[in-house]
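S.K.: If you want the building blocks of each chain, they are given just below.
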Amino acid sequence: MDATLKLWSVVAIVGALNYVSRLSFIALFARRHVPPLAVRAFRYVPAAMLTALVLPMVVAAPGEPALAAMPKIVAALAAGVVAFFTHSTMKTLGVGMASLWLLQALIGRIG
Amino acid sequence: MRRFLADANFRAGFAEMMPACVAMTPFGLVCGVGAAAAGASLWGALGLSAIVFSGAAQILAVQLLAAGAPLAVIVLTCFVAGLRFVIYSAAMAPYLRSLPPRWQQGLAFLLTDQAFAAAIRRFHGGADPREGGLHFLGGGFALWLFWQAMNIAGYFVGNLIPASWSLEFAVPLCFIALLAPHFRTMPTIAAALVAGALVLALAGLPMKLNLIVAGVIGIVAGTLADFVRERWTPR
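Sequence order for the protein chains is P and S.
Going by this note's numbering, the letters in the first sequence line up with residues 1 to 111, in that order.
Going by this note's numbering, the letters in the second sequence line up with residues 1 to 235, in that order.
To be clear, the hints were calculated from the coordinates, so they are not data collected in a lab.
Please note that the accuracy of each hint is not assured.
[As the list claims (entries may be wrong)] Facing chain S, according to a computed beta carbon distance under 8 angstroms, are these residues of chain P, among others:
#1 I26
#2 M57
#3 L67
#4 M70
#5 M90
[What the hints assert, rightly or not] Not the full set, but computed from the structure, chain P residues with beta-carbon under 10 angstroms of chain S:
#6 F25
#7 P35
#8 Q104
#9 R109
[Claimed, not checked] Over the 10 angstroms line for every Cβ pair with chain P, so calculated as not near, a few chain S residues:
#10 L5
#11 E16
#12 I87
#13 I161
Keep in mind that this is a model prediction, so the values were computed, not measured.
Note that the Cβ used here is the ideal one computed from N, Cα and C, for glycine as well.
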């Protein structure tokens, strides 16, 4: 498939599906009965999907030396603690990035 | 448009979204860099950010496009990652029920992680639907506007940012900010543990299929744990 056509297909289909997800309960199912099992399962979507999304960005890629991923893992844990207690994106980002830079600088000095 | 710009609730919503906009700046830049790296034209990159309007879906889409994944895989992965919007939609629905359909349809487009977090706080605080709706519109619009600017900036000058800044690490951090507060109940932790273990164990799968498999099985694990907890909780 032509690359431009493929990109715009992604824009159109993913855009439409995302919009339907966003609209779902606000307009489409607002007055319809939703199966209790679906309601129960929906509750665990953020925890499962966000974890699956985040972990590969933090933990070492296959073949990458374990030491290289250490600063990221420690910084992510520190950011997680801050997020748990503050619910603030800004503070999470600040502590996470600062920890990463500090640890990378330390490792650079030792190594 | 002028009617909204003059409204106090719209303006308050817009202003209160500024810290979140600043926090999303690195993420937006990374999305723009990704679109450029995947070979998208400026219009293609803008189409992604303006229409898809979801950082997670955009990052996944450009990575999968760059890897040459088939359209069906890209669409499915982005859809499953975007399923969390269904939950936001369900949580918002009671507060928006009394608004006209056109308002519901408009506000639904602006339903993002950050806008949801701000709006639900306000509605829980007892805002009335019309005022809360205008506040949500202001905040959602601010975020949409900022997101386009950051994506365009990332598309053009993102490659000037030194690699040593590890800017791409801002992406998992933004998700950690959303994820960590969930870890308060046993089934949620079970869902995350199963999804996390699987996504790493199946890292060898092509086209990020490990993400869908781990996510779906994690949701099932959380749901099962929920049933178990219900059974064992003394009535």
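S.K.: Are all beta-carbon distances from I87 (chain S) to chain P longer than 10 angstroms?
M.R.: violated (5 angstroms)
S.K.: Does I161 (chain S) sit more than 10 angstroms from chain P, CB to CB?
M.R.: For I161 (chain S), whose nearest Cβ neighbour in chain P is about 13 angstroms away, the distance exceeds 10 angstroms, so it holds.
S.K.: Would the hint on Q104 (chain P) be counted as holding, given a Cβ-Cβ threshold of 10 angstroms to chain S?
M.R.: Holds, because the Cβ-Cβ distance from Q104 (chain P) to chain S comes to roughly 7 angstroms (cut-off 10 angstroms).
S.K.: Can we confirm that no CB of chain P comes within 10 angstroms of the CB of E16 (chain S)?
M.R.: For E16 (chain S), whose nearest Cβ neighbour in chain P is about 13 angstroms away, the distance exceeds 10 angstroms, so it holds.
S.K.: Please verify that hint: P35 (chain P), Cβ, nearest Cβ of chain S, below 10 angstroms or not.
M.R.: violated (12 angstroms)
S.K.: With d taken as the least Cβ-Cβ distance between L5 (chain S) and chain P, does d exceed 10 angstroms?
M.R.: Non-interface label on L5 (chain S) holds, nearest chain P Cβ at 24 angstroms vs cutoff 10 angstroms.
S.K.: Let me know if the C-beta of M90 (chain P) comes in closer than 8 angstroms to any C-beta of chain S, holds or violated.
M.R.: holds (5 angstroms)
S.K.: Going by Cβ atoms only, is L67 (chain P) closer than 8 angstroms to chain S?
M.R.: violated (15 angstroms)
S.K.: Does M70 (chain P) hold up as a contact with chain S if the rule is Cβ-Cβ below 8 angstroms?
M.R.: violated (13 angstroms)
S.K.: Can we keep the F25 (chain P) interface hint, with Cβ of chain S closer than 10 angstroms?
M.R.: With a closest approach of 4 angstroms, the F25 (chain P) hint holds.
S.K.: A closest beta-carbon separation below 8 angstroms is what the hint needs, so does M57 (chain P) meet it against chain S?
M.R.: holds (4 angstroms)
S.K.: A closest beta-carbon separation below 8 angstroms is what the hint needs, so does I26 (chain P) meet it against chain S?
M.R.: This interface hint holds because 5 angstroms falls under the 8 angstroms limit.
In the structure shown, a violation is registered for the earlier hints numbered 3, 4, 7, 9 and 12, in ascending order.
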